[in-house]
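K.L.:
Take the given structure of chain A and dock chain Y to it, following the hints.
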Amino acid sequence: MRLDLSSKLALVLLIWVCAFTLDWFINVPLLVVSVVARYLVPAFRPQSRRGNSAFNKFLLYSVAILALLATLNAILMPGGDVLFALAGLKFHHEGLMFGIKTAARLLLLSVSILVFFVSTPLPDFIRFLQQKGLPSQLVLVLLLTLHFLDQLPGRINRVFVAQEARGAPVRAGLFSRTKSLVSILSPLVLSSIVESIDRGTALEVRGFLARPESSPVQIQVKTKLNALTLVLLLLSLGIFLLFLLRWLLAS
Amino acid sequence: MAARILVERFSFRYGPDLPRALADVSLDVPPGSCCAILGPTGAGKTTLLHALVGILGRHHPDSVHSGAMRIGKRAFTPLPRDVMFPEVGLVLQDPYVQLSGVRDTVVDEVLFTLENLGIATEDAQTRVEMILRELGIDQLASRPPTTLSGGETQRLALATMLIAEPQALLLDEPTSALDTAATGRLQQIVKSLHGRATVVITDTHVEFSLPLADQIVVLHQGKVLFAGTPRDFILRMDRFEDVLPVHGWWEVLNRFAQSSADQSQAADLLGKALAEP
Chain A
1 MRLDLSSKLA
11 LVLLIWVCAF
21 TLDWFINVPL
31 LVVSVVARYL
41 VPAFRPQSRR
51 GNSAFNKFLL
61 YSVAILALLA
71 TLNAILMPGG
81 DVLFALAGLK
91 FHHEGLMFGI
101 KTAARLLLLS
111 VSILVFFVST
121 PLPDFIRFLQ
131 QKGLPSQLVL
141 VLLLTLHFLD
151 QLPGRINRVF
161 VAQEARGAPV
171 RAGLFSRTKS
181 LVSILSPLVL
191 SSIVESIDRG
201 TALEVRGFLA
211 RPESSPVQIQ
221 VKTKLNALTL
231 VLLLLSLGIF
241 LLFLLRWLLA
251 S
Chain Y
1001 MAARILVERF
1011 SFRYGPDLPR
1021 ALADVSLDVP
1031 PGSCCAILGP
1041 TGAGKTTLLH
1051 ALVGILGRHH
1061 PDSVHSGAMR
1071 IGKRAFTPLP
1081 RDVMFPEVGL
1091 VLQDPYVQLS
1101 GVRDTVVDEV
1111 LFTLENLGIA
1121 TEDAQTRVEM
1131 ILRELGIDQL
1141 ASRPPTTLSG
1151 GETQRLALAT
1161 MLIAEPQALL
1171 LDEPTSALDT
1181 AATGRLQQIV
1191 KSLHGRATVV
1201 ITDTHVEFSL
1211 PLADQIVVLH
1221 QGKVLFAGTP
1231 RDFILRMDRF
1241 EDVLPVHGWW
1251 EVLNRFAQSS
1261 ADQSQAADLL
1271 GKALAEP
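Residue numbers (our numbering), protein chains in the order written: chain A, 1 to 251; chain Y, 1001 to 1277.
Bear in mind the hints are in silico, worked out from the structure with no lab data behind them. The beta carbon of each residue, even a glycine, is placed where N, CA and C say it ideally should be. The reader is advised that the hints may include incorrect statements.
Not the full set, but computed from the structure, chain A residues with beta-carbon under 10 Å of chain Y [to be verified]:
hint : residue
1    : P123
2    : D198
3    : R199
4    : A202
5    : L203
6    : V205
7    : A210
Just the calculated beta-carbon pair ranges, DEER-fashion [as the list claims (entries may be wrong)]:
hint : chain 1 : residue 1 : chain 2 : residue 2 : range
8    : Y       : T1105     : A       : L149      : 19 to 29 Å
9    : A       : F175      : Y       : R1143     : 43 to 53 Å
10   : Y       : T1180     : A       : I197      : 26 to 36 Å
11   : Y       : T1180     : A       : N157      : 52 to 62 Å
12   : A       : L241      : Y       : R1074     : 52 to 62 Å
13   : Y       : D1179     : A       : P169      : 28 to 38 Å
14   : A       : G80       : Y       : T1105     : 54 to 64 Å
15   : A       : L106      : Y       : R1070     : 28 to 38 Å
16   : A       : F148      : Y       : T1105     : 19 to 29 Å
17   : Y       : T1105     : A       : L230      : 26 to 36 Å
18   : A       : L230      : Y       : D1179     : 47 to 57 Å
19   : A       : L241      : Y       : D1138     : 53 to 63 Å
20   : Y       : L1235     : A       : L149      : 47 to 57 Å
Chain A extracted, bound-state conformation:
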């Protein structure tokens, strides 16, 4: 199954609309479908080993996020029946459900965007944006941001090694790691800013912002929306309008 980038983006939009407008019993199956699609549908398979590893790690952490959100809400949000009590803490049904709904919504948003980016090579995405006639300034900002995210793991590792060489306990226990967080964040942020400025400068001096209308990339702009993209966009609009109508009638 081959999906063009327009359809993939329209699908992400549809999932986002669903996440914001539909109930948890639709969002949770959608979340499962999104995760399964990443493994079974070729168009959603990660393009690099690093992307694959990032996605798997995110899945692992998302279980922890789900559990944390549900537990905190169950304890802190009184309402409904008390499901059980542990060490003097009461776990409420309403809070638990609210936690699950919120976590499902957040995870659905994150998973959909993550699946899109790990399965789409950065050059293809940037070329697509240029072909669609997005302003060069905006493409430049997006490009620098995506570059920053792409290189973040490698950069974190370099900062870790550098701080370790200075005796900072960056790989020790949780407390030590938390203490040395500032010493990691400062060089990380600074080096990222410096590199982003340099890369932006390099793109500017290569005429990226002066890209003329007749550029070979720009010429291909006038492509029509394909049927799948159109269906997905209409579906997103339909769901959103239904949600709006329901909200208006309810009030």
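P.N.:
Quick look at chain Y alone, frame taken from chain A:
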């Protein structure tokens, strides 16, 4: 066609309350010649190159500046406000950031510059092949840019600029990440540009630039300490011991003698310099 670069009493502050990054800098680089701007880090070398390429005025609208600048037929008082692409090309100190990161192969990376110029694909492909051959990286054409070595990346960074046929080419510390062999190769490439483009090189060391330059400028704390021919510079090199790493200058002189087109002139220079106490 190579452009003359003329800078007249150019001064620059990044902000009204900040110290002068450049103070009364004057420079006259004839078309097709090579000028080496030498100086320690923080001397203002990169600031000067950014001023010439047009990004200084663009990125620092609150800066304070005075003087005048002329590149080819275009005059500025004092700074160009737009990027001077493709008339002026700049290769940054770190060649890795010169790459767009949005192209999968070496060929596509160079093509990216031509796309920005709006040059048609058929013509562009031929031009890219020619430039890669000229820089000796044609065998890497289908490789991803991220897999190249430091020297290869430097040559690719140069190709991304040369493909636009700039009238002036600015190289910001081009050897900072290169080994000796790659430095020598780059030296040959820059030498081959003589007459085609006006080249301005900044460097903290003298070894790379000295055999290439028609003119040497020593910059320190934003001021010009020296401007003259390589011969004059060699004869006065000991004056810049605090600013440049010239204590190994005997070796530099030997290299100059080996790589100079005019061996007798080099020997003459060497003899004179050696004769000095």
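K.L.:
Hints numbered earlier in the text: which of these fail when held up against the supplied structure?
P.N.:
Violated: hints 11, 15.
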